[in-house]
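Participant: The primary structure of each chain is shown beneath.
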Amino acid sequence: MTETNSTEETTPPTKVLAIASGGGHWVQLMRLRPAFADAKVTFVTVRPTYRSDVPDEDFRVVPDATRWNKVKLLMMAAKIFWIVATVRPDVVVSTGAAPGYFAIRFGKWIGARTCWIDSIANAEELSLSGEQIRPHASLVLTQWPHVGEKSGVEFAGSVL
Amino acid sequence: MIFVTVGYQMAFDRLVDAVDLWAAAHPQAEIFAQIGPSELRPKNIPFTAFMEPVEFTRRVEECSVLVAHAGMGSILTALQYGKPILVMPRHAAKGETRNDHQIATAQQLGERPGIEVAVDEREIADKLDRLSNLSAPPKISNTASPELVARLKSFIDGTD
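Each protein sequence line maps, in turn, to chains A and S.
Residues 1 to 160 (my numbering) are what the first sequence spells out, left to right.
Residues 1 to 160 (my numbering) are what the second sequence spells out, left to right.
Simulated from the structure, these hints should not be mistaken for lab results.
Values in this document were obtained by computation on a predicted structure and should not be read as measured data.
Honestly, I wouldn't trust all of these hints.
To be verified - Calculated cross-link-like contacts (lysine-lysine; reagent style DSSO-like; alpha-carbon spacing at most 30 Å):
#1 139(S) with 153(S)
#2 150(A) with 127(S)
#3 94(S) with 127(S)
#4 94(S) with 150(A)
#5 127(S) with 139(S)
#6 79(A) with 153(S)
#7 72(A) with 43(S)
#8 70(A) with 139(S)
#9 70(A) with 108(A)
#10 153(S) with 94(S)
#11 153(S) with 15(A)
#12 43(S) with 108(A)
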């Protein structure tokens, strides 16, 4: 961490893109907010109503889609590409699912460090999205020690 | 007040139907249900398809117990507000979700105080009969475990 004193005021804060789909994925991302304390965060999700959870932060919405709807998935990917290209985050953090996959792929292209935190809902094995993003993400974390042992993915605590 | 919630992504009629049926035999019970994108029209309980996060939070605060699918959004919210929660996992084979991760989630988290699992509709009815036995879970904080927050923060700061 850089020292914070008056002579370093010109050092811009780390830009973080924090992205998650709806429901539990978003709730888990919200629980990670203390980790973003010193960063400049852009939150991205799929439901406009979630703005009330982060009223004072940069908040973006992308179309909702799952891997089973290819057209909407493409629209989601395009919007995320645009956000990544314009925000130019230093770090991408996601708790899943599809939006995080795209943000990490695009984030890597622009040289961002990327972290996938597999949802605590995946208590038996890493999620399919987690497996798919593994070769691309700088860091993948599982929230279950036994999943970590089985899959060789790092465990470092959970949102609970 | 019993607050029934199935998240916003998919309907979970098997759960809502079971509670509706139980409500017919227990007219004194106060129940409200959020049933998602469903064609179902419960006869014995007031319901809505979706609700804004602000109303969702209010419903959780006001209820004495949640009855929900085994989704992490519902479970984490119940724990954050210290409300007991009775969950029934969705089944992929019944078209209620894309995979059976909720079964594993329920198994792993059902061990925690304040979280009760019903495997099917019959168990939901049985457990609704004995709701008063459900004790409130200790309130969890609004943030992830200190270990996970620290791990993510060091990754963001580039000090890991």
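Participant: It remains to establish, for every hint, whether it holds in the given structure.
Facilitator: Status of each hint after checking the structure:
1. With a C-alpha separation of about 24 Å, the suggested pair residue 139(S) and residue 153(S) falls inside the 30 Å cut-off, and the hint holds.
2. This hinted pair does not check out: residue 150(A) and residue 127(S) have alpha carbons roughly 34 Å apart, beyond 30 Å.
3. Taking the CA atoms of residue 94(S) and residue 127(S), the gap is about 22 Å. The hint holds against a cut of 30 Å.
4. Using a Cα cut-off of 30 Å, the hinted pair residue 94(S) and residue 150(A) holds, with the two alpha carbons roughly 29 Å apart.
5. Among the hinted pairs, residue 127(S) with residue 139(S) is consistent with the structure: their alpha-carbon atoms are about 22 Å apart, no more than 30 Å.
6. For the hint linking residue 79(A) to residue 153(S), the alpha-carbon distance of about 27 Å falls within 30 Å, and the restraint holds.
7. Simply put, residue 72(A) and residue 43(S) have alpha-carbon atoms about 35 Å apart, too far for the 30 Å limit, and the pair is violated.
8. This hinted pair does not check out: residue 70(A) and residue 139(S) have alpha carbons roughly 40 Å apart, beyond 30 Å.
9. As the CA atoms of residue 70(A) and residue 108(A) are separated by approximately 22 Å, the hinted pair is consistent with the 30 Å bound.
10. With a CA separation close to 41 Å, the supplied pair residue 153(S) and residue 94(S) exceeds the 30 Å bound.
11. Proximity of residue 153(S) to residue 15(A) is assessed by CA-CA distance (about 13 Å); at most 30 Å being required, the pair is judged to hold.
12. Taking the CA atoms of residue 43(S) and residue 108(A), the gap is about 52 Å. The hint is violated against a cut of 30 Å.
Hints 2, 7, 8, 10 and 12 from the earlier list are contradicted by this structure; the remaining hints agree with it.
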